[in-house]
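Enquirer: One-letter residues, chain by chain:
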Amino acid sequence: MVQKFRTLLLTCLALTLTASLAWGAPLDAFTGKQGTIDIAGGTAHIPVMKEAAKRIMTANPEIRISIAGGGSGVGVQQVGEGLVQIGNTGRALSEAEVAKYGLVSFPFAIDGVAIVINPANGVDALTAEQVKGIYAGKITNWKQIGGADRAISLYTRDEASGTREVFFKKLLAKGDIATSANVVPSNGAMKTAVAQDPGAVGYVGIGYIDATVKAPSMDGMIPSQENAANGSYTVTRKLYMNTKGEPSALVRTFIDYLLTPEGAEIIRASGYIPLAQ
Amino acid sequence: MSVRESRIASLVLGASAIIVALAVLAVFAFLFKFALPVFTGGQGACILSGVWNPFKGQFGILPMLAASLCISLSALLIGWPLALGLCCCMHGFTPRPLGRFLSILLRGMTAFPTVVYGFAAIFLLVPVMREALGHGSGLNWATAALILSLVTLPTMTLVMDAGMHQTERRLRLTGAALGLNRQQVFSHLVLPACRSDLLAAAALGFARALGDTLIPLMLAGNAPQWPTAASDSIRTLTAHIGLVLATDSSSATYGSLFVAGCLLLLANMCVQLMLRTHLRTRGAA
Numbered sequence: 087m088v089q090k091f092r093t094l095l096l097t098c099l100a101l102t103l104t105a106s107l108a109w110g111a112p113l114d115a116f117t118g119k120q121g122t123i124d125i126a127g128g129t130a131h132i133p134v135m136k137e138a139a140k141r142i143m144t145a146n147p148e149i150r151i152s153i154a155g156g157g158s159g160v161g162v163q164q165v166g167e168g169l170v171q172i173g174n175t176g177r178a179l180s181e182a183e184v185a186k187y188g189l190v191s192f193p194f195a196i197d198g199v200a201i202v203i204n205p206a207n208g209v210d211a212l213t214a215e216q217v218k219g220i221y222a223g224k225i226t227n228w229k230q231i232g233g234a235d236r237a238i239s240l241y242t243r244d245e246a247s248g249t250r251e252v253f254f255k256k257l258l259a260k261g262d263i264a265t266s267a268n269v270v271p272s273n274g275a276m277k278t279a280v281a282q283d284p285g286a287v288g289y290v291g292i293g294y295i296d297a298t299v300k301a302p303s304m305d306g307m308i309p310s311q312e313n314a315a316n317g318s319y320t321v322t323r324k325l326y327m328n329t330k331g332e333p334s335a336l337v338r339t340f341i342d343y344l345l346t347p348e349g350a351e352i353i354r355a356s357g358y359i360p361l362a363q
Numbered sequence: 006m007s008v009r010e011s012r013i014a015s016l017v018l019g020a021s022a023i024i025v026a027l028a029v030l031a032v033f034a035f036l037f038k039f040a041l042p043v044f045t046g047g048q049g050a051c052i053l054s055g056v057w058n059p060f061k062g063q064f065g066i067l068p069m070l071a072a073s074l075c076i077s078l079s080a081l082l083i084g085w086p087l088a089l090g091l092c093c094c095m096h097g098f099t100p101r102p103l104g105r106f107l108s109i110l111l112r113g114m115t116a117f118p119t120v121v122y123g124f125a126a127i128f129l130l131v132p133v134m135r136e137a138l139g140h141g142s143g144l145n146w147a148t149a150a151l152i153l154s155l156v157t158l159p160t161m162t163l164v165m166d167a168g169m170h171q172t173e174r175r176l177r178l179t180g181a182a183l184g185l186n187r188q189q190v191f192s193h194l195v196l197p198a199c200r201s202d203l204l205a206a207a208a209l210g211f212a213r214a215l216g217d218t219l220i221p222l223m224l225a226g227n228a229p230q231w232p233t234a235a236s237d238s239i240r241t242l243t244a245h246i247g248l249v250l251a252t253d254s255s256s257a258t259y260g261s262l263f264v265a266g267c268l269l270l271l272a273n274m275c276v277q278l279m280l281r282t283h284l285r286t287r288g289a290a
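Those protein sequences? They're chains A and B, same order as listed.
The numbering of the first sequence is my numbering, which starts it at 87 and goes up by one.
The numbering of the second sequence is my numbering, which starts it at 6 and goes up by one.
Please note that a few of the clues may not be correct.
Rough simulated footprint, nothing fancy, chain B against chain A, three-plus residues with beta-carbon under 8 Å [what the hints assert, rightly or not]:
hint, segment
1, 241 to 250
2, 263 to 273
3, 283 to 291
Honestly, the hints are just simulated from the structure, not real lab data.
Idealized CB from N, CA, C, for every residue including glycine.
Taking the hints into account, I'd like the entire structure generated from these sequences.
Expert: Right under this line is the structure:
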């Protein structure tokens with residue numbers, strides 16, 4: 087009996103060990119390193135940066151990572167002036183910015199946004215013009231665009247949302263959003279609202295689409311993780327990390343970490359699509 | 006208690022009272038300090054206008070103030086009579102076991118987190134409202150007001166009940182001597198004598214409804230427009246603060262938060278002061 091128990095215990099121990107070794111692998115790159123990394127810029131990046139920083143600092147307390155927001159403009163300015171080591175942007179750098187500061191860009195994720203409707207809605211395809219009309223409050227019933235006779239209820243996101251920013255710039259082309267549109271505070275709340283309301287139209291990050299909502303094709307483009315990654319769906323933006331000149335060894339390790347499978351998992355958990363290395 | 010002890014006690018109590026008062030004053034001072042630059046920064050008139058469209062440089066938060074007042078007043082109109090009715094039930098208008106059950110239920114309800122009400126309402130009340138109104142999303146003034154009245158109900162009922170309990174005990178003998186039964190004592194003696202408790206319950210319920218963030222955020226729809234009908238999606242000041250809090254803290258959008266906070270405090274203070282003066286003049290008359 088004792089013998090059996092001991093075997094069981096040993097097996098458990100061995101399993102935990104291998105599991106923790108397998109888990110720790112990408113973080114091994116940080117072993118023996120020390121120093122600080124300061125990060126500032128795009129707010130969409132923050133959840134990814136925070137989770138990565140948490141894991142790295144837990145594995146190696148010698149490394150300190152600070153993360154600030156401020157938006158893409160602040161990211162460029164601070165990294166350019168050497169105040170931080172990584173400046174995050176939600177857009178590609180302009181030639182002027184690259185020339186002025188000598189910045190190097192590292193894209194690591196795609197932030198794609200898709201229109202979602204209730205699964206019971208018969209509409210399968212929309213055009214950008216129709217979406218503009220719907221959000222401006224000019225198209226008010228689904229039957230005007232080939233659906234059932236039901237009033238459209240509009241859902242949009244709060245002022246701080248990066249998802250709203252992509253939708254507003256890439257799909258609406260900065261067109262109007264009717265003031266009567268309902269405002270929801272998160273991608274999750276958007277999904278719940280649209281899944282409940284048969285007349286709903288809203289938008290979520292592509293990573294959030296599941297069976298509870300339906301994503302109609304947009305100008306013939308099918309919104310999916312693959313299409314956003316291969317460029318055949320274009321309501322997207324890339325998320326970049328930027329450094330002044332080539333990054334130092336520690337910063338390079340941080341950037342590489344986000345491109346490992348573990349980094350990809352963090353990116354996916356934040357609702358973005360990881361870029362293949 | 007010796008003289009020395011009582012002196013220490015009164016010192017400690019006095020100090021705590023002063024600290025609490027200072028804390029409240031500090032909240033006011035900070036809010037005004039942060040709200041002032043918004044007005045002096047050139048968008049003063051803009052922030053007290055009727056259009057909120059930060060992407061076009063319009064930062065009017067007056068529709069949110071109107072929404073806050075509308076939602077909390079209607080929640081009060083629904084909740085206060087219900088609370089009064091429940092108090093009647095607990096004071097002899099229903100069989101005693103039912104009254105006791107209600108009392109336990111209401112005490113339990115005060116401990117319910119508001120998010121549970123909001124979440125349940127999204128799945129139970131919102132679809133009903135959507136179909137009943139025939140248009141819109143079901144996230145509107147009426148839905149939020151109904152749930153808010155439910156949230157404020159236990160607080161109001163318990164405040165009323167506490168006052169009535171005391172008064173009833175004091176007047177029971179008098180009533181019995183007049184040959185009145187329990188219901189008659191309650192409706193003819195206790196209720197009129199409890200006027201101030203009823204008003205205090207209303208003031209507390211209104212303050213609670215005005216200050217609640219989660220229910221309007223989850224159920225009122227948050228559209229920054231003027232409330233015109235019960236089926237309108239509207240945004241309260243509290244929900245506005247919740248929605249905008251994550252924006253860039255140097256932007257004008259963020260600045261509107263401090264003004265929103267000031268307006269909330271002022272609105273609440275006005276109502277409380279009005280009730281107090283009303284009570285005082287009544288008491289003097």
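Enquirer: It remains to establish, for every hint, whether it holds in the given structure.
Expert: Now the hints, each set against the structure:
Coverage of a stretch by a chain is defined here by at least three residues with a beta carbon nearer than 8 Å to that chain's beta carbons; for the segment 241 to 250 of chain A and chain B the count is 4, and the condition holds. Counting residues of the segment 263 to 273 of chain A whose CB lies closer than 8 Å to any CB of chain B gives 7, which reaches the minimum of 3, so the coverage claim holds. Only residues whose C-beta sits within less than 8 Å of a C-beta in chain B count toward coverage, and the segment 283 to 291 of chain A has 3 of them, enough to reach three; the restraint holds.
This entry satisfies every hint, going by the numbered hints stated previously.
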